Amino acid sequence: MIYSLILTTLMFGAMFSVLTVSLNLQYARGGMINFGTVAYFAAGAYAYAIVTQEPPSGLDQYALGLNAPWWIGFIAAGIAAMVFAVITGWPTLRLRGEYLALTTFAFAEVFHSILLNERRIGNGSVGMANVERPDPAVLGLDDTLAYTAAACVLMLLTAWVFHRLLASPYGRLVDATHNDEIAAESVGKNTARVRLQIFVISAIPIGFAGALYAMITTLVAPALFTAEVTFFVWIALALGGERTILGAILGTMALVFFQEAVRMIPFETVRSAQIAASVEEVITGILFIIVLRWQPWDRLARKATT
Amino acid sequence: MTFRKTMTAAVALSTALATTQPAWAADGVTFGVLVPLTGELGEFGKIVADAVQLGVDEINAAGGTKCGPVSIAVADTGGSAEQAIREANKMIDSEGVVAILGPASGEMVALVDLAKRKKTPMMSPYAGTITLNEIGGDYVYRTVSSDLGDGAASGLWLTEKGYKSVAFLVQNEESTISPAQVAKEAVEAAGIELTDFIVYNPGQPSYQAELISVLSHNPDAIYLAGGQESGVTVLKEAAAGGFEGEWLLTADLAVPEVFETLDPRILNDRAYVEIAEADSSLPEFKAFSQLTMDKTGKAPGPFAANSYDMAMLSAIALEAADACTGEALNAKLRGVTEGGEKVSTFAAAKEAIAAGTDVDYEGASGPLTLDESGTPAGAYMVKKATDGAWVDETFYPASAFE
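Chains as they are written, first to last, in the UniProt record's numbering: chain A, 1 to 306; chain B, 1 to 402.
Treat the hints as calculated values from the structure; they're not laboratory data. Note that the structure is a prediction, hence the values are computed from the model and not measured. Don't be surprised by glycine CBs; every beta carbon is placed ideally from N, CA and C. Among these hints, one or two may not hold up.
[Unchecked claim] A few chain B positions that, by computed beta-carbon distances, are all more than 10 Å from chain A:
# : residue
1 : Asp138
2 : Glu160
3 : Phe285
4 : Glu338
5 : Ser373
[To be verified] Pair by pair, the computed Cβ-Cβ distance ranges are:
#  : chain 1 : residue 1 : chain 2 : residue 2 : range
6  : A       : Arg120    : B       : Glu229    : 23 to 29 Å
7  : A       : Gln61     : B       : Pro205    : 25 to 31 Å
8  : A       : Gln61     : B       : Asp387    : 37 to 43 Å
9  : B       : Leu194    : A       : Ala106    : 34 to 40 Å
10 : B       : Pro283    : A       : Glu118    : 46 to 52 Å
Just chain B, with the same shape it has in the complex (with noise of 0.2 Å):
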């Protein structure tokens, strides 16, 4: 009896939510933030979080969008897609966010289907998973071009380089694994000699297994696609294992922690690091950067750029909207990267739509016109560890692999 009737409360309580409807006032704007604060990739969430701060500070330093003056709420995923999911529905339903922007690759797969039924656009600026090469497009952006672009950036610098031999070293990611297929493939095509191609499970405490049949064949470079955890660990294990070649990283590494947690002389002029990059000599990027250095004393982190674009293009579409909703946004939102009157602040972006001007947004990151799975075109840049920094040594424009 007492069974059923425990029971039966749990029906009724199910059914009288269905009655229950939420509600929040509609006072401005918000954008949920959506990172990972916390685990591997803990670090870049910070530098997006940030930047999207930065950029909205700006877009309401202009006088916010029609909607409203545009406020954030931040929330970590953890790197769990499970997580992701979890805030992503309270983000929607009890903040009434418009867009979601941030999260990372496996957090962006699993929310593809979340965006189209809550009709909010997800933005993630460095979500290169090539999954979203087929899924991505409508709800679903990215300021940051595929992985692919990054494996063929990795395999067109290694071939110019001149190394006669490499071996591959790649976590057992989906964002490791597909540029490194394609980086395999850009090297033996060159008729460079592939001596190892392993991929690694991450978490372990050492990777001296993986190791000794890499250092036993003594590349000319390793090319070391892995997490921020596994990677300092292989490359202190390979100095220690009396390896002198050089390196090449993927952007994971491309943060400047790495040098606290190694010594520097093991990265110091022999290792280099490919990462999705803006044109540092865009006008664009320059007075992101000089705008970055003024508010926090800091040069741009990776993907600042990419991130601060996301929350000025949805706010531009947000302008451009016909309504303050994610619905509106995503409907102006590729048509805001293309085709018009070139704009790159949200200022002269207001200014222009209020004149009945159609708008291209040309932002911090590069030109962003949305290809059909809402992904831009990438540019990148090589950067060399000279002093205990990443300085830069080359940059591919979009334009190097067409």
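This is chain A alone, in the form it adopts within the complex (with noise of 0.2 Å):
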């Protein structure tokens, strides 16, 4: 039970670690608020599903369907993130704190209703089932622990470059950017191009983990992909706090591992079900207002990384 609950925590908490930390590049460090994480993750997961879906057979709706390796549709994930993130970003970028939040949200829910009512992109409502996946059996791997272990790894190397981003000259720039626009632009930095770049090189990650999302869950449809998504990450990010990229992915994992145990109890009866699903919203809650009153991740954070 605790080897079950242990790896459903590392796998769930290190996919969603890598939108909190690509969310903490563009928040707690470029100064962005982006309200619509989710449409990038989405971007992701059906660009790898259009890209490694079978042509449209029988009853399917979709258009597009082009059959290639698994690898195809997981760097097509990336780029269908990173060019959203470029027509999203480079008309919005402009805008500051609230405004921004506003727009991107409306971005991401303009897409999310276009997935919803446009069938030829991906079977609308129905969505794309039976999402094509390496095995890792052929490996000789257990699933479960080859997908934890490669949702770690994304996180892990997300984690490694926007490290080395940030501790690099760029990274000054970055901080120079949002600490001190004026400053920056009075010594020739194009603040605009930073923080486009911020906005497009923390998106592309988001769409790698919406591959890896599409291929555990090997279904893509709207509903997998609304804005609690996005409020998710936000919350863990705060509960985790902001500024270090160990903050972000400890905010996660403690969030989804409060979620897991929660529901860790087997019940036998319907009625302890019921009551432990309504309970667990309520647990969350109150977890959330303690972790935000005491900030116990954020300290041990801060002591992690003095």
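Put the two chains together into one complex, using the hints given.
Shown next as structure tokens:
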């Protein structure tokens, strides 16, 4: 039971950590409030599914299925998220604060609505099922373990790249853009370009995470990519504390762990399972209040970095 | 340095987990009941879980399976595919379930790969999704017919009722769109005027925009394929908009709660609901119905018979299997639904199997012979709203669609 709890927490925790770490880069270091995180996640998942899915047949309503190998789909997921970030970032990044938050949120909702209503993209509300995924059994690996490892590798890689990026002179430029834009511009730095670069760079791993999510669920459908994902990632970031990569990861892991721990108890009656489903949200809410009040993860993360 | 240390620790933890293996006690067998207890299908989830429990009680009363008494582990999917995968993994890895019963359409589709990988059969009593027509079969079964059958039944009823014009209002979901497409074809083929075919998105506070066109054409009947939340709102707003024709509703609205949330005058004597249902004249169904009445004091809810049959089929397959595993259960599951001595209770099946006889389980929901996609042929009932309850109107046996 503990094994399963840890494995699920690691698998989903690591995957969502990629989103939190990317959001951390955008928000805490780049100063951009992105309330449309789920759109880049969905762009990656859909790109992966479209590239790897077989051509439509029978009652399928999607127009395109390229039937390509999984790794091409994985690369396509990163590119799709990047392209989507350029398209949404270029016109919106002049906005600041809550205006940017509202615009990105609107973009994500529009994207969700397009996926839901334009059935030629991904079968509309039906979604694309039985998504292609690499089979770790070929290498003699346990499936759950292999995908947990894949999620951890993606998370560690993202964290490492962002860590290197922020520790480099470019990282100081990002900080300068965030802390004092006018000062940065006065020494000849193009802050608008830096903001767009950060926005686009941080979207790429989100796209990869989307592809991984599609492999794990073997289903992409609009119902999986709602604003709840965005809120989940924001709550995780708030829990873990801003500005540190480790904090972002710990916050996400803790949040997934809470969810899993509450559901861990095996229920033998319908009533107890129903009560647990209701209690889970209450407990998550209470824990959120406690963590925001005392910020233990934030403190821990700070201690770890000093 | 600290960053590197942390990351090394994370890698070490992942590696350590690879060498740890789970263990659970092997005392009896457990069926996982993975149902939506919250969300749009919450009402159905409870009916399914209760009916499975009823079946399990019967199995244990007959002495349990050869693998010991059957217990259940219940979990809520909340209607989410991601949640279903998380819970299914946990059920298999931690609780060692040999079969997972009860997921709805979207969840079932997402679980196909997991079922095959973990060699654990999954069975649904209401996942009519046409996607399973293609990818179902091995390890993936259902005790309900495909949505295409629902559409054919609705189409047949609309045609036979003699309406001159019909409007279609369809929720933007797979479980509603696919049967609606089939019903639409039947209606058009019969020369009935199709005044509107509107696909709407659920979750809106009002559906007046969709209803404007429908009501302006004043059709004889409206075919409404909607969820419980959207369906009730559409019915209320159409009544407020002066619609006086009849309704044909789909299975999601076949629950008694509809009469609690709506003024019964909107439905009484002019609303019908089409649902996959057992032939209530069958002795197996009558026995099940009586059992439900005795245990719960209520008549069986929608899909209760199909849910009860899931538990029975799993237990009988396990009884006939060579081992107490999901893989062995899967190997026998199709076999116990066809070509053998007809049995309708677990006790009879157990006895026959012990005597070395091949069995063919005919359950409360009717004959369950599973086709290549793990789906039985369906029988359908059209019920009429009468005095605040759904009352049987017309029954279509599977042979009506041949």
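### Query
Is the hinted range of 23 to 29 Å satisfied by the C-beta distance from A:Arg120 to B:Glu229?
Holds - the Cβ-Cβ distance for A:Arg120 and B:Glu229, about 28 Å, lies within 23 to 29 Å.
#### Entry: Whether B:Glu338 stays farther than 10 Å from all C-beta atoms of chain A, as the label says
Non-interface label on B:Glu338 holds, nearest chain A Cβ at 26 Å vs cutoff 10 Å.
### Query
Is the nearest Cβ of chain A still more than 10 Å from the Cβ of B:Asp138?
Consistent with the label, B:Asp138 stays out of reach of chain A, its closest Cβ about 13 Å off (over 10 Å).
### Message
The hint says 34 to 40 Å between B:Leu194 and A:Ala106; measuring C-beta to C-beta, is that right?
### Response
For B:Leu194 and A:Ala106 the Cβ distance comes to about 36 Å; the hint holds.
### Task
Measuring Cβ to Cβ, find out whether B:Phe285 lies farther than 10 Å from everything in chain A.
23 Å, holds
### C-beta pair A:Gln61, B:Asp387: status relative to the range 37 to 43 Å that was hinted
Between A:Gln61 and B:Asp387, where Cβ atoms are some 42 Å apart, the hint holds.
### Task
Quick one: work out the minimum CB distance from B:Glu160 to chain A and report holds if it exceeds 10 Å, violated otherwise.
26 Å, holds
#### Entry: chain A versus B:Ser373 - minimum CB to CB distance exceeding 10 Å, so not interface
12 Å, holds
#### Entry: Pairwise beta carbon distance, B:Pro283 to A:Glu118, judged against the given window 46 to 52 Å
50 Å, holds
### Message
Assuming the hint says 25 to 31 Å, is it satisfied by the Cβ distance from A:Gln61 to B:Pro205 or not?
### Response
The hinted range 25 to 31 Å holds for A:Gln61 and B:Pro205, with Cβ atoms some 28 Å apart.
The structure shown violates none of the earlier numbered hints.
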